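To convert, take the position in the sequence shown, counting from 1, and add 3; that gives the numbering used here.
A few of these clues could be false.
[To be verified] Cut-off 25 Å, straight-line C-alpha distance, at most; resulting in silico cross-link-like pairs (SDA-like, lysine to any residue):
id, residue 1, residue 2
1, 49, 6
2, 11, 41
3, 46, 11
4, 46, 9
5, 11, 38
6, 11, 34
7, 11, 37
8, 46, 7
9, 11, 31
10, 11, 49
[As the list claims (entries may be wrong)] Pairwise CB distance ranges, derived in the manner of DEER restraints:
id, residue 1, residue 2, range
11, 11, 44, 17 to 23 Å
12, 40, 15, 35 to 41 Å
13, 50, 6, 20 to 26 Å
14, 48, 22, 27 to 33 Å
15, 47, 8, 41 to 47 Å
16, 37, 15, 41 to 47 Å
17, 29, 9, 29 to 35 Å
18, 12, 46, 32 to 38 Å
Simulated from the structure, these hints should not be mistaken for lab results. From a predicted model like this one, the values you see are computed outputs, not experimental measurements. Virtual Cβ for every residue (Gly too), placed ideally from N, Cα, C.
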Amino acid sequence: MIERAYGKINLSLNITGVREDGYHTLESIFLPLNFYDEITISKSDKM
Numbered sequence: 004m005i006e007r008a009y010g011k012i013n014l015s016l017n018i019t020g021v022r023e024d025g026y027h028t029l030e031s032i033f034l035p036l037n038f039y040d041e042i043t044i045s046k047s048d049k050m
């Protein structure tokens, strides 16, 4: 299987709070790009 992982540029990333589980809530503005990495996934006999 070959998948594409597209890039993006974060124009703004703000921490807007903290959730009860300790993780942060975020607000983001980003610009998607038409550039990508190709990721190849295949089965292996190794464990």
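We went through each hint and held it up to the structure:
1. 49 / 6: 22 Å, holds
2. 11 / 41: Answer holds: residue 11 to residue 41 is near 15 Å, not above 25 Å.
3. 46 / 11: Distance ~29 Å between residue 46 and residue 11 Cα, so the pair is violated.
4. 46 / 9: 23 Å, holds
5. 11 / 38: Holds: residue 11 and residue 38 sit about 9 Å apart, inside 25 Å.
6. 11 / 34: Holds - the C-alpha atoms of residue 34 and residue 11 are around 5 Å apart, at most 25 Å.
7. 11 / 37: 9 Å, holds
8. 46 / 7: With a Cα-Cα distance of about 18 Å, the restraint between residue 46 and residue 7 holds, given a limit of 25 Å.
9. 11 / 31: 12 Å, holds
10. 11 / 49: This hinted pair is violated, its Cα atoms lying about 34 Å apart.
11. 11 / 44: 17 to 23 Å: With Cβ atoms ~21 Å apart, the hint holds.
12. 40 / 15: 35 to 41 Å: 24 Å, violated
13. 50 / 6: 20 to 26 Å: With Cβ atoms ~23 Å apart, the hint holds.
14. 48 / 22: 27 to 33 Å: 42 Å, violated
15. 47 / 8: 41 to 47 Å: 20 Å, violated
16. 37 / 15: 41 to 47 Å: For residue 15 against residue 37, whose Cβ atoms are near 21 Å apart, the range 41 to 47 Å is violated.
17. 29 / 9: 29 to 35 Å: 19 Å, violated
18. 12 / 46: 32 to 38 Å: Taking Cβ atoms as reference, residue 12 and residue 46 lie about 35 Å apart, which means the hint holds.
Hint violations for this structure: numbers 3, 10, 12, 14, 15, 16 and 17, all remaining hints satisfied.
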